[in-house]
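In case you want the letters, here they are:
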Amino acid sequence: MVLTDDEEAAIKAAVLGGSADIDVHWILYCGTLVFLMQTGFAMLCAGSIRAKNAQNILLKNLLDACVGAIWFWATGYAFAYGQSGSDKNWFIGNNYFFLSKGYEGGDGYHNWFFQFAFAATAATIVSGAVAERCSMTAYAAYSAFLTGFVYPVVVHWVWSGTGWLSAWKATGNRAAWLNVGVVDFAGCGVVHMVGGAAAGIGAAVLGPRIGRFAGENPGPIKGHSMPLVVLGTFFLWVGWYGFNPGSTLYIGGVSTVASRVAVTTTLAAASGGVANLFIHYKLSQTYDVAEMCNGILAGLVSITSACPVVEPWAAVVIGPIGAVFYTLGAKLLVKLEIDDAVNATPVHYFAGCWGLLAPALFARKEHMREAYGNADVGGLFYTGQGNMLACNFVALIAITIWVGALMTPFFILLKKAGWFRVPENIEIEGLDDSKHGGSAYGIELAAADVRKAAERV
Amino acid sequence: MVLTDDEEAAIKAAVLGGSADIDVHWILYCGTLVFLMQTGFAMLCAGSIRAKNAQNILLKNLLDACVGAIWFWATGYAFAYGQSGSDKNWFIGNNYFFLSKGYEGGDGYHNWFFQFAFAATAATIVSGAVAERCSMTAYAAYSAFLTGFVYPVVVHWVWSGTGWLSAWKATGNRAAWLNVGVVDFAGCGVVHMVGGAAAGIGAAVLGPRIGRFAGENPGPIKGHSMPLVVLGTFFLWVGWYGFNPGSTLYIGGVSTVASRVAVTTTLAAASGGVANLFIHYKLSQTYDVAEMCNGILAGLVSITSACPVVEPWAAVVIGPIGAVFYTLGAKLLVKLEIDDAVNATPVHYFAGCWGLLAPALFARKEHMREAYGNADVGGLFYTGQGNMLACNFVALIAITIWVGALMTPFFILLKKAGWFRVPENIEIEGLDDSKHGGSAYGIELAAADVRKAAERV
Amino acid sequence: MVLTDDEEAAIKAAVLGGSADIDVHWILYCGTLVFLMQTGFAMLCAGSIRAKNAQNILLKNLLDACVGAIWFWATGYAFAYGQSGSDKNWFIGNNYFFLSKGYEGGDGYHNWFFQFAFAATAATIVSGAVAERCSMTAYAAYSAFLTGFVYPVVVHWVWSGTGWLSAWKATGNRAAWLNVGVVDFAGCGVVHMVGGAAAGIGAAVLGPRIGRFAGENPGPIKGHSMPLVVLGTFFLWVGWYGFNPGSTLYIGGVSTVASRVAVTTTLAAASGGVANLFIHYKLSQTYDVAEMCNGILAGLVSITSACPVVEPWAAVVIGPIGAVFYTLGAKLLVKLEIDDAVNATPVHYFAGCWGLLAPALFARKEHMREAYGNADVGGLFYTGQGNMLACNFVALIAITIWVGALMTPFFILLKKAGWFRVPENIEIEGLDDSKHGGSAYGIELAAADVRKAAERV
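Protein chains in written order, with UniProt numbering: chain G, 1 to 457; chain P, 1 to 457; chain Z, 1 to 457.
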């Protein structure tokens, strides 16, 4: 007998306490990585568009983080996870508005922090799609609406303990739908499809940029800085190491799951990137850096649901298929003359659709038990069971309808009111000159170099 | 009885050991995030100035990190926290110079790492303020003086167990001043006011850049790369998730505090950013990205003292008031014709002053108990008590006087000796050409593009 | 008696479990930091070369991460650490190809993740050295060969429990060589010398860039963006806080070691940077930012073997000597007309050689016990023992021979086949225009600015 009673009590509190310190540490760490994705989106978007609108897109990305924080504090978390004793329902949460006092003793602030970072991620997916022509006011309104209402409701459906699609009910009193519910671990459906669908709808309602599909020489509009694109992509990849592994929500007892997630996430990103590089080399005879980046992102999105329940080899299959979905989605948008300036919709919506279905095919029962406490259901390819496929497919449809039904009229109203798009002359001149006090880049750079360059011309 | 005696002993060592492993992990993680802020300052400063001085400012930021490490190893930590048995005093530490051997068994190396990152942060605040005209030698001398002496003394006053302003004495044998001491959790006063005051004094003594307040067309001098400014701002925000939550110094038993800190930090940044965007839209009819960034930073600075002891709603109040302090500070500098090239003084000193007073108004007793082990004193608005306001106000004055009394003669001596400022012709030409072997940017960029561009002109 | 049997069991599992959760958390965190170094290399390399090849180098860095992941999954980890019961050998691992099932219960996926990030680091060292003229196909082939075979074998030798150079045998049944084995904690030899030697050989076989050592005005070729260089350097420094401290492989029970590593890493980086700034100021009368960066990196490389076993003061000695090795190495390459576009060979190979010898001089026995469980052997300067120096010197020779014997014919074959180097006209025009669809930077930047700039010329 080594320990005194006081020591035993202290150890019990430290190790078995309701919200153990190590879990909080894990979630604060992972949440910070997810927040780093804001930097990634900002750099990726800025690099992918023309320099004359760089300040504008940077400001939109900053706004996403800020407006997202404020609205997710005000209403978002409440709609997503707010539950009080008897008053639980399958559709929407209704407690903890403005992180009111009762919250702290309940869920713990670290969970708000982690979930906020997710909400801001969902919101910022849109910024690139509507870049170079969307007004600032409209964008701020959209950002508030998505983080404050549209996104949280989907969270409630899939991730709260009472949502109609939740897989977590399986471990509670009420049974999950088809004995499994929707297996969307880190949010192919909840985050990426929501953001990606909103992006596609926004771009469609807003209309293409001048010169993209009409005018003298219509065609793709190149970005202005590939280093920023690659920098952003790497940040997103790094951030995904918080996004996916952190979705365990704890580390105590689930570190094996978090480890597997880090591995499958890595392999899907890598294989998705290589696959997309080859696909687009076949299509264009060019080693296209932007397509390599989007392939990595498509791979990351694709594994986001399945990451804890599949084997590493499956990640190497899932990532490249995600690149195919991405590429087909991008082709479809061009055919429909929807101008998504950074291909956010193909990356997040189309690869997200595939990713949401992937666990239903590749999930192993052993891993389902570890990650979901549910050893009864596995993926179609292992078990022949179609339960998960049915659940996840319903989620795919439901999320698409929900976002479509809310965002389409929202964007159309903005358009009718004349608030959505900047005037044509401003679009041509560039938003930075008229709205943001001039170019994102200083003239002095050119001043010195141009003289020397001019001599060489 | 499940555990053997050996297992009990092992568990005791792991969980209750003097410096538990989880705490070390937490501090190494948070310290690394704080170190990332060096990257943030470097990018923010580089983007905020003209391209012709970009190499110069980058080198100064690299020097801060390096010189700061060396001096904080040599003397800084010793002056801040070095204590030997009976030889403790209220003014300055006097042990552990060069991390001498006794240190390791005492405080633990992770604490040096964390505190070094803070010292380097304090130092680097100045680099932007004196940019585009300060000589490299003078800057290196300043950096050594601040990290080796000026800053550590303030640390000793406020954060060591024996400093005259310390709140931590409340939990020790000797009572803290007014039964509370100075509540400056992560260092509005200790870090930001010290760095910010040094920045303002440096800029004032150095004099404005040519063309800023005199000459043909005096006026604000725009930076050369807004993507770098935004990149730097995001890094600083990310780094603050180490700076503030890590100031718990442990995670074991205080994870609730760290969680609350992450939330209040987020909300103050977000609300400060939005507030400043609107303030400057009102002032200039421009959605000014740099002001959005400075608003976020002012919000972050503002919450740095109060972060563990206030409610989330208070953060949403504190951040925007920080933006107001920032804006008024910036106006004041312009009126005084003090040229702070990146507005470091308004962000760190003026918003820092507000931030130091904020907990004295908004602190909840329950949270004071959790964060400071002191349930007797709360903020004025909750309790009507003025103790904390008195303490923190005295700290505000004391820190300002200390930094002013040391840095003013230091900078004036540098100026008298002719070491502080580069010659006028070099300032006009740009420091990079004469001191750093040419432009920060390669001619080839322009060479290819200029030809095509010239055709379009 | 406070705890029930169930609670005791739960505490035992959580704290003493085979792979404790806190260790997994630590390794996932450190591995993510190491992965961030990919971003660092990408930005550093891109900034260090001409803008006309920026897309090309960015793509190579993306490929490193992706190809490295796929090959380290397929064969790399197996060759490095794959061991089955009786079938262990001193040369190469032979189990766990494609992370086959038995793996998970064994080493744990977090270890694969951490080791993958190291492999990708070793691979990416080469990208800068062969920049601006190496073909994409050749680079992908090299990357696969290094991460899939060359590097893992060295890992097996030095870091596995059975390798012929391993220090870890000291704690097992069979004795380590000379009672100590090779003390290469985080991989001066295993990672940096392998990558650096491959870089030097690649650059030598490939031949210099046009205009570097011959032609009209031969001479150093400047990079195009110093902010990217500094950004990359800072990321590498940050990433090193995962690379070195994470090489404890656990945090439970070794947090003191990890803490010391963070401190020595910091001080070697800082002192290496300052030393190299002064060395090159003496050589060129220029405060050269790129040399400051390379000095920091040389300092970081230099401490990578010795970090857990030396005192902080020794780090301040080791770092600057690393800068001297770097500088001499760089001079040597110029003399041999080997064109390493970013000086990767001097940073990683030459400073790596010094770093591998450093612990043999400066290691303290007390620290050897903590880090290696070996209290019998210390550094030459403390103990007069030459054991470690002999072991580490043999490793230096063995690694150099191994890499040379494999990479030299590999690169020569690529060259003979005509696959290694792009045609001369493409090199002159820039790889981006012909291979990657145009410049990394958008014309619009210049378009607006050039007009205004032209007016000022």
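Just so you know, not all the hints are guaranteed correct.
One copy or any two copies: either way a pair holds, since identical chains are not told apart in the list.
As the list claims (entries may be wrong) - Lysine-lysine pairs mimicking DSS-like chemistry, simulated, CA-CA at most 27 Å apart:
id, residue 1, residue 2
1, K88, K335
2, K435, K222
3, K435, K331
4, K416, K222
5, K282, K12
6, K282, K435
7, K435, K12
8, K282, K415
9, K222, K169
10, K416, K12
11, K169, K415
12, K365, K222
13, K331, K282
Calculated from the structure, these hints are not laboratory results.
Now the hints, each set against the structure:
no.: 1; hint: K88 - K335; in the structure: neither (45 Å within a copy, 58 Å between copies)
no.: 2; hint: K435 - K222; in the structure: both (22 Å within a copy, 16 Å between copies)
no.: 3; hint: K435 - K331; in the structure: between (33 Å within a copy, 22 Å between copies)
no.: 4; hint: K416 - K222; in the structure: neither (30 Å within a copy, 37 Å between copies)
no.: 5; hint: K282 - K12; in the structure: neither (60 Å within a copy, 56 Å between copies)
no.: 6; hint: K282 - K435; in the structure: between (41 Å within a copy, 13 Å between copies)
no.: 7; hint: K435 - K12; in the structure: neither (58 Å within a copy, 61 Å between copies)
no.: 8; hint: K282 - K415; in the structure: between (39 Å within a copy, 25 Å between copies)
no.: 9; hint: K222 - K169; in the structure: neither (47 Å within a copy, 56 Å between copies)
no.: 10; hint: K416 - K12; in the structure: neither (61 Å within a copy, 64 Å between copies)
no.: 11; hint: K169 - K415; in the structure: neither (41 Å within a copy, 61 Å between copies)
no.: 12; hint: K365 - K222; in the structure: neither (46 Å within a copy, 56 Å between copies)
no.: 13; hint: K331 - K282; in the structure: within (15 Å within a copy, 43 Å between copies)
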